[in-house]
Amino acid sequence: MAQNAKNLIGLVGVPLVMVLGNSMLIPVLPTMKTEMKLTSLQSSLLITAFSIAAGIVIPFAGYLSDRFGRKIVIILSLALYGLGGLVAGLAALWIDQPYMAIMGGRVLQGIGAAGTAPIAMALVGDLFDGASESRALGLLETSNGMGKVLSPIIGSLLALISWYMVFLAFPMICGVVLLMFLFLTKEKKQEKKPLPVKQYMHSIAQVFKQHGKWLVPAFFIGSICLFTLFGVLFYLSDLLEEKYKIDGVIKGFFLAIPLLVMSIAAYVTGIIIKKKLKLMRLFVIIGMFLLATSYVLASFVQGAYILIGILVIGSVGTGMILPCLNSMIVGAVQKTERGMITSLYSGVRFIGVAIGPPIFTWLLGISRTVMFLSIAGLSLVFAVVAIFFLKPKQVEQQGQGTKDSETKAWRQLSEVLGIEPETVHEEQRERAIERYGFDPNELVKRVLSGKKEKEKQ
Numbered sequence: 015m016a017q018n019a020k021n022l023i024g025l026v027g028v029p030l031v032m033v034l035g036n037s038m039l040i041p042v043l044p045t046m047k048t049e050m051k052l053t054s055l056q057s058s059l060l061i062t063a064f065s066i067a068a069g070i071v072i073p074f075a076g077y078l079s080d081r082f083g084r085k086i087v088i089i090l091s092l093a094l095y096g097l098g099g100l101v102a103g104l105a106a107l108w109i110d111q112p113y114m115a116i117m118g119g120r121v122l123q124g125i126g127a128a129g130t131a132p133i134a135m136a137l138v139g140d141l142f143d144g145a146s147e148s149r150a151l152g153l154l155e156t157s158n159g160m161g162k163v164l165s166p167i168i169g170s171l172l173a174l175i176s177w178y179m180v181f182l183a184f185p186m187i188c189g190v191v192l193l194m195f196l197f198l199t200k201e202k203k204q205e206k207k208p209l210p211v212k213q214y215m216h217s218i219a220q221v222f223k224q225h226g227k228w229l230v231p232a233f234f235i236g237s238i239c240l241f242t243l244f245g246v247l248f249y250l251s252d253l254l255e256e257k258y259k260i261d262g263v264i265k266g267f268f269l270a271i272p273l274l275v276m277s278i279a280a281y282v283t284g285i286i287i288k289k290k291l292k293l294m295r296l297f298v299i300i301g302m303f304l305l306a307t308s309y310v311l312a313s314f315v316q317g318a319y320i321l322i323g324i325l326v327i328g329s330v331g332t333g334m335i336l337p338c339l340n341s342m343i344v345g346a347v348q349k350t351e352r353g354m355i356t357s358l359y360s361g362v363r364f365i366g367v368a369i370g371p372p373i374f375t376w377l378l379g380i381s382r383t384v385m386f387l388s389i390a391g392l393s394l395v396f397a398v399v400a401i402f403f404l405k406p407k408q409v410e411q412q413g414q415g416t417k418d419s420e421t422k423a424w425r426q427l428s429e430v431l432g433i434e435p436e437t438v439h440e441e442q443r444e445r446a447i448e449r450y451g452f453d454p455n456e457l458v459k460r461v462l463s464g465k466k467e468k469e470k471q
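In this text, residue positions in the sequence shown follow my numbering: the first is 15, and each later residue adds one.
Keep in mind that the hints are not guaranteed to be accurate.
No farther apart than 27 angstroms at their CA atoms in a straight line, the calculated lysine-lysine pairs in the BS3-like style are these [what the hints assert, rightly or not]: (1) K289 x K227; (2) K405 x K290; (3) K288 x K203; (4) K259 x K51; (5) K51 x K289; (6) K257 x K85.
None of these hints come from the bench; they were simulated from the model.
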C-alpha cells in the first residue's frame, strides 16, 4: 500500500473523534439530568465544559504542533481525550454524586479535542500537495460529516445499555483511532524552524490588521452557526423526551435529521462554489437569512415534527455558510499563516458551541418565543453585517513591472487563494498529463518551434 493511502487511513478517524465529543452526548443529556438530578443549566454545562476547554486550547495546540511536530500533538491529544472519557465514565460508576468529576473528565476531553481535527488538517497540508491535498481534505470533511449524522444515533444506542456508556465508549474509540494513526501516518521532517512566541503573536496581529475588517465578522458568523445549531439540538432533545416521550434510537434519528441536511447542504455547496469568492459571499448572506427565517417561523410552531421540518431550513443555511467561511478564511491568508488563523477560527467556533445550550436554557426560561426570536434577530443582524463587511480581498502584489508579469503573479496568487477557476486549456493539459504522462499539444508546439528556428538559420 502506498504511503499516501496509509497516511489517509491513519488520519481519517481523527476529525470523527472531535465531532463525537458533543453530538454523541446530546440525546443522552435528558437521561443524565434525571439520573444525576440536575437542572437544565447543569446538564447543558456538560457541553459547555468540553467546548470552552477546546476553544481556549486550540490556538496553543496549533502553535505546539508547529514547534514539536503534528504527530506527537495528535497522539497526546487522542490519549487525553480517551482518558477524559474514562474519568467521566468511572466517576458515574463509582461515585454517588459524580457530576463534578464528570465535568472534570469533560474538561480533559475538551483539551484533548483541541489537538485532533485542526491539527489533522494542518498535517494534511504538510503531507499532500495540489489535487491530492484537496482530495485528502475532502475525505476528512466527509468523515466529519458522517460523524455529525451518526453521533446522535450512536449516543442513543449506547444509552440503551446505560447512560454513562457514552463516556466509556470514548477510550475505545480513541484507542482504535490512535493505533491507526500511530502506525499508518508518517510525518515529514520540518524544514523550517517554528516562529518564536513573540513573532508568532506579531504575525497574528498583522493578519488581523490586514484582514480584520472581514475576518472578525467571518469568525462571529461561524460561531453563531454552531451556537444556534447546538442550542437547537439541546432544546430538541429535551423537548422530544420530556413532552413527546420520544426516547432511545428513535430520538437519535430525529436529532440526526437536521445534521444530515446540514451535511448534504455543505457537500453540495462545496461542489457549487468551487473557487468563486463572490459566490461564497452570496451563499453566506443567503444562509444567514435562511437561519433567521427558520427561527422566526419556529416561534409560531408547536408540533415537534413540524418544528423539525422548519428547523431543517436553518440547517440548509448552516450547510451553505460553513464551507464558504472555511474557503474564505483558508484562501485569503498566506499559507504560512493558515495554521494560526484556522486554529483561532476553530477556537471561536467552539466557544459558540459552548455558550449555545446554557443561553438557550436561559432564554427558554423567559419564553419559547423569546428564545427563537432572539436567535432569529441575531442571525438577521449578522446577515446585514455580512452584506457590508464580509468582503475578503486578495493579497496585493507589489513591485510588478509589466502587465505580463502582473497577470502571471495574479494567476499564481489566485491558484494559492483558490479563487480563480482554471482555464479550459489548463484542465485539458492536466488531463493529458494524467493520461499520457505528457501534454501532446505542448510537444507539437515544441517540434514546430524547433522547425521554425532551423528555417531561420
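Checklist entry - CA of K259 to CA of K51, is that 27 angstroms or under? => result holds (18 angstroms)
Next on the checklist: Tell me if the straight-line CA distance from K257 to K85 falls inside 27 angstroms.
Outcome noted: violated (46 angstroms)
Checklist entry - K405 and K290: Cα distance at most 27 angstroms? => result Measuring from Cα to Cα gives roughly 13 angstroms; hence the hint holds.
Next on the checklist: Need the status of pair K289, K227: alpha-carbon distance at most 27 angstroms?
Outcome noted: It holds: about 21 angstroms lies between the C-alpha atoms, which stays within 27 angstroms.
Checklist entry - Regarding the pair K51 and K289, is the alpha-carbon distance no greater than 27 angstroms? => result At roughly 51 angstroms apart (the allowed maximum being 27 angstroms), K289 and K51 break the hint.
Next on the checklist: Can you confirm whether the C-alpha distance between K288 and K203 stays at or below 27 angstroms?
Outcome noted: violated (32 angstroms)
Hints 3, 5 and 6, counting from the list given before, are not met by this structure.
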